[in-house]
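**Q** Sequence:
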Amino acid sequence: MTRADTTDWIAVDWGTSALRASRLRGVEILDEAQSDAGMGGLAPSEFEPALLALVEGWLSPDGTDILACGMVGARQGWVEAPYRAVPCAPVDGTGLAAAPVRDPRLRVRIVPGLMQARPADVMRGEETQIAGYLAQEPGFDGVLCLPGTHSKWVRISAGEVVSFQTFMTGEVFALLQGRSVLRHGMAEGAGLDDAAFDAALSDMLSHPALLAARLFGIRAEGLLQELSPSAARSRLSGLLIGAELAAARPYWLGQQVVVIGADTLAAAYVRALASQGVQAVAAPGDALVLAGLMRLRARINGGLKP
0 MTRADTTDWI AVDWGTSALR ASRLRGVEIL DEAQSDAGMG GLAPSEFEPA LLALVEGWLS
60 PDGTDILACG MVGARQGWVE APYRAVPCAP VDGTGLAAAP VRDPRLRVRI VPGLMQARPA
120 DVMRGEETQI AGYLAQEPGF DGVLCLPGTH SKWVRISAGE VVSFQTFMTG EVFALLQGRS
180 VLRHGMAEGA GLDDAAFDAA LSDMLSHPAL LAARLFGIRA EGLLQELSPS AARSRLSGLL
240 IGAELAAARP YWLGQQVVVI GADTLAAAYV RALASQGVQA VAAPGDALVL AGLMRLRARI
300 NGGLKP
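Heads up: the sequence shown runs through residues 0 to 305, numbered per numbering that gives the first Met the number 0.
Some clues are possibly wrong.
As the list claims (entries may be wrong) - Okay, the calculated beta carbon distance ranges per label pair: (1) Thr93 with Thr5: 21 to 31 Å; (2) Asp120 with Ala208: 30 to 40 Å; (3) Leu223 with Ala194: 17 to 27 Å; (4) Asp193 with Ala42: 39 to 49 Å; (5) Ala219 with Asp7: 55 to 65 Å; (6) His206 with His183: 21 to 31 Å; (7) Pro283 with Arg24: 18 to 28 Å; (8) Ser16 with Asp193: 45 to 55 Å; (9) Arg74 with Arg178: 34 to 44 Å; (10) Ser227 with Gly62: 52 to 62 Å.
Just so you know, the hints here were simulated from the structure itself, not pulled from any lab data. Cβ coordinates follow ideal geometry from the N, Cα and C atoms, glycine included.
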C-alpha cells in the first residue's frame with residue numbers, strides 16, 4: 000500500500016446475510032470487498048475474524064477507524080447498539096457502540112438504530128440509508144418508503160425522522176411462496192405479470208379485509224383454472240403490496256414519496272403508487288448506505304450539523 004492510497008477509514012454495511020466493506024480516504028473510495036459472512040450465520044466470537052478476513056490488508060499498524068451499520072448492531076449481533084428515539088436526525092454521531100476486539104488495529108464503532116415508542120417500532124440499517132438520501136437531498140420533506148423483508152414508511156421533516164411504520168411484507172411473501180400451500184403453483188424468480196399484479200393490487204386497496212381469502216384463491220385458481228406460476232407469483236406480490244399500501248395510506252396520500260430499494264422491488268412499489276395517483280421516484284439503496292456512513296463520519300469529525 001503506497002502513501003497515496005493509505006486508508007483513512009473503513010465503512011461497513013453488515014446485514015443478516017452479507018458483509019460489505021469500503022476502504023476510503025476521506026470520501027474517495029479506494030477499494031471495496033464483500034463476503035457472505037452475514038450476521039445471521041455468526042456466533043459472537045466469529046465477528047472479528049469475519050471482518051479481518053475481508054479488510055485485514057487495508058488496516059494500518061497504528062489502528063484504523065471502522066464505522067459499521069446494519070444488523071451487526073442487533074441484540075443477536077456483535078454488540079448491541081441501543082436505539083435512539085424519534086424524532087431525531089437519522090444519524091448524528093451519538094449512541095455509537097464500540098465493538099469488543101482483540102486486534103489493536105481495529106477501532107470498530109456500530110451505528111445505533113431508531114425506535115418509536117407508540118406505536119412500538121424499530122429500524123436498524125435503514126437509518127443509514129435515510130441519512131445518505133438526506134445528504135444528497137437536504138431539503139427533502141415528505142415520505143421515504145424502504146421496501147424489503149421488513150418494509151418501512153418514514154416521515155421526514157426538517158432533516159429528522161418524525162415517525163415510521165414497519166410492514167413484514169417481504170418476509171410474509173417469502174414464507175407464503177416457499178413454505179405454504181401456495182408454493183405448489185409458484186414460479187420462483189419469474190418476472191412480473193403486470194396484469195395479474197395490477198388486478199390483485201387494486202382488489203386489496205379496495206377490499207383489504209379479504210386478504211386471507213384472496214390468498215387461498217391463488218391456490219384454487221391454479222387447480223381449477225390453470226393460473227400460470229408467473230401470474231400466481233405476481234398476484235401474491237400484488238395482494239401483499241396492496242394490503243401494505245392500504246394500511247400505509249396516511250403515509251403516502253398527498254405526500255411526496257421516494258422509494259429506496261433494489262431496482263425490481265422499488266419499481267413494483269412505484270408502479271403500485273402510480274395506480275393511486277402518487278408519482279413516486281426510486282433511489283438505489285446500496286449507494287445510500289455508504290453516503291450515510293460518509294455523512295456520519297463527517298459529523299463525528301465536526302464537519303456537519305446533524
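**Q** Which of the numbered hints are not met once you compare them with the structure shown?
**A** 2, 8 and 9
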